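Enquirer: Work out the full structure: start from the sequences and follow the hints.
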Amino acid sequence: MLKAIVDINVPENGVLYALGDVHGCFDALIALEEKIKKSIKRSGRSDFKIISVGDLCDRGPDTKKVIEHFVEGKLAGTHELLLGNHEMFFLMAFVGLRPDLIERAGVSLAWYHQGLIRIYKAVTMQVESWRSNGGDSVFQSYDADINDPGTWDQVPVSHLKLLFSAPLVAVTPTAIISHAVLHEGDLDALRSSDHESTDQDEKRTLEAVHRCLWERNYPVHRIDATRRQVSGHTPVETVRRAPALGVIQIDTGAVYGRTLTALNLNSFRAITAPSGFQYRRIQRDLYE
115 MLKAIVDINV PENGVLYALG DVHGCFDALI ALEEKIKKSI KRSGRSDFKI
165 ISVGDLCDRG PDTKKVIEHF VEGKLAGTHE LLLGNHEMFF LMAFVGLRPD
215 LIERAGVSLA WYHQGLIRIY KAVTMQVESW RSNGGDSVFQ SYDADINDPG
265 TWDQVPVSHL KLLFSAPLVA VTPTAIISHA VLHEGDLDAL RSSDHESTDQ
315 DEKRTLEAVH RCLWERNYPV HRIDATRRQV SGHTPVETVR RAPALGVIQI
365 DTGAVYGRTL TALNLNSFRA ITAPSGFQYR RIQRDLYE
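Each number in my numbering comes from the position in the sequence shown (counting from 1) with 114 added on.
Hints in this document: simulated from the structure, not taken from any laboratory. Fair warning: this is a prediction, and the values are worked out from it, not measured in the lab. We treat Cβ as the ideally placed atom computed from N, Cα and C, and that holds for glycine.
Below are the PhoX-like pairs computed for lysine-lysine, each with C-alpha atoms no more than 25 Å apart in a straight line:
#1 LYS179 / LYS149
#2 LYS188 / LYS155
#3 LYS163 / LYS188
#4 LYS179 / LYS163
#5 LYS235 / LYS317
#6 LYS151 / LYS163
#7 LYS179 / LYS152
#8 LYS179 / LYS151
#9 LYS117 / LYS317
#10 LYS117 / LYS275
#11 LYS163 / LYS152
Pairwise CB distance ranges (calculated):
#12 HIS309 / ARG383: 31 to 37 Å
#13 ALA190 / ASP259: 28 to 34 Å
#14 ASP259 / ARG355: 40 to 46 Å
Expert: Encoded structure:
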């Protein structure tokens, strides 16, 4: 059964990295991974694992290539994906408009998917919100049409499986990673539902699910005494750190012509690669 929270350990003789929002910028992703490999070689280590904070898709030119890269990486044990708000648009559209493809993929909805459907039911039967947030580029990369669900068969089953298997939070020995910013009590609420606790507060749990994907405000207090909280979602010029709260934000705006960032979860040093793509909004996006 899929869990909202997963534990990820450091590879033997390796390094864990958290990866910022890619948004279809495949060339920047490959360039960044080459830098990671060189860094690992210099350090005398031999292995790595990359944990994406989500938002592999939308806006950029190569969503299909990015997702395929993560499908292959997950099979190889080098890549993990967390659910971002843009993957949510992707999933909700398929749930509402092409449920047959979900069935064909053999996907079972987790409790947090059901929660998202409850919260965002309006977006499951239309694509306006997704289109307003760069969804057109997703279907262009698959040679399909966002306005014609009959063409959505172009999205491979393996891609749907990757997106639907993505948890909300990854916990490592040094970090708590999610797409957006978590607040006090969110981890407990998610763990309670993961373990089907009978005393769980449903409203509180749905709030925690929502925050995993959308929250920009910092918590009042640090959510973990020893681990840093690493997230994307909010575009920043350079890696933003709030040491007192243990918060680090790593979406450095690759899709806006800036950089793609990976954060070493041992040293907490950032590696960046420039992006050669700049998304230009025809209209203001409804959501980031």
